[in-house]
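Residue numbering for the sequence shown follows the numbering used here, starting at 901 and increasing by one per position.
The reader is advised that the hints may include incorrect statements.
[What the hints assert, rightly or not] Simulated DEER-style distance windows between Cβ atoms:
id	residue 1	residue 2	range
1	Thr929	Ala974	15 to 23 Å
2	Ala945	Gly991	25 to 33 Å
3	Ser914	Arg956	17 to 25 Å
Just so you know, the hints here were simulated from the structure itself, not pulled from any lab data. Given the structure is predicted, the values throughout are model-derived calculations rather than measurements. Ideal placement from N, C-alpha and C gives every residue a C-beta, glycine not left out.
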Amino acid sequence: MNVLNIANVRHDRSAWAVPVPLLAQELQTLPKVDYADAFEVQLPASTPRDPERWARAIFDLGSPLVGTLIRAIALALGARPSASTGARVRGFNVAARSAEGVCLESLTRVGLVQLVVAIETRGQGARLSLSTFIAYSGPAGRAAFERVVGNGHRHAVPLLLEHAAASAG
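The whole structure should be built from the sequences, with the hints applied where relevant.
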């Protein structure tokens, strides 16, 4: 498994790469994980704790910046909801949920992608995390992600988290 596991490395912005949280690992439902990463952002203590609300804020298509970014990613991935008649958040199927997190799913050319949005209380504040899990569709899916999509993904996720955090507070 290709796992981006950067232990709390902060960049010059408010969202940073972290080890994949245990909560996210437990909430994802893929039978095998070929790739995983996670990013988080600090939130004020008074922040609402509804993970689906945060998922909607992260993938806010009404924002020109976020809408453009999400549409570009979806186009690059050939993203589409997997076959499901269940609940959806911003076009993603809800694969699993708990009081602290929600697991969103989409079928792409790369493979089956699950995104876990979680909010955890830590000390006087809270942390919002977005973890990505991918089961590649095969060698071509792995190559597409690692050569083309992956770098953009690792830049886009912190921006999405920062935008959501700023819009909430």
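Structure-based check of all given hints:
| no. | hint | result |
| --- | --- | --- |
| 1 | Thr929 / Ala974: 15 to 23 Å | holds, 21 Å |
| 2 | Ala945 / Gly991: 25 to 33 Å | holds, 31 Å |
| 3 | Ser914 / Arg956: 17 to 25 Å | holds, 20 Å |
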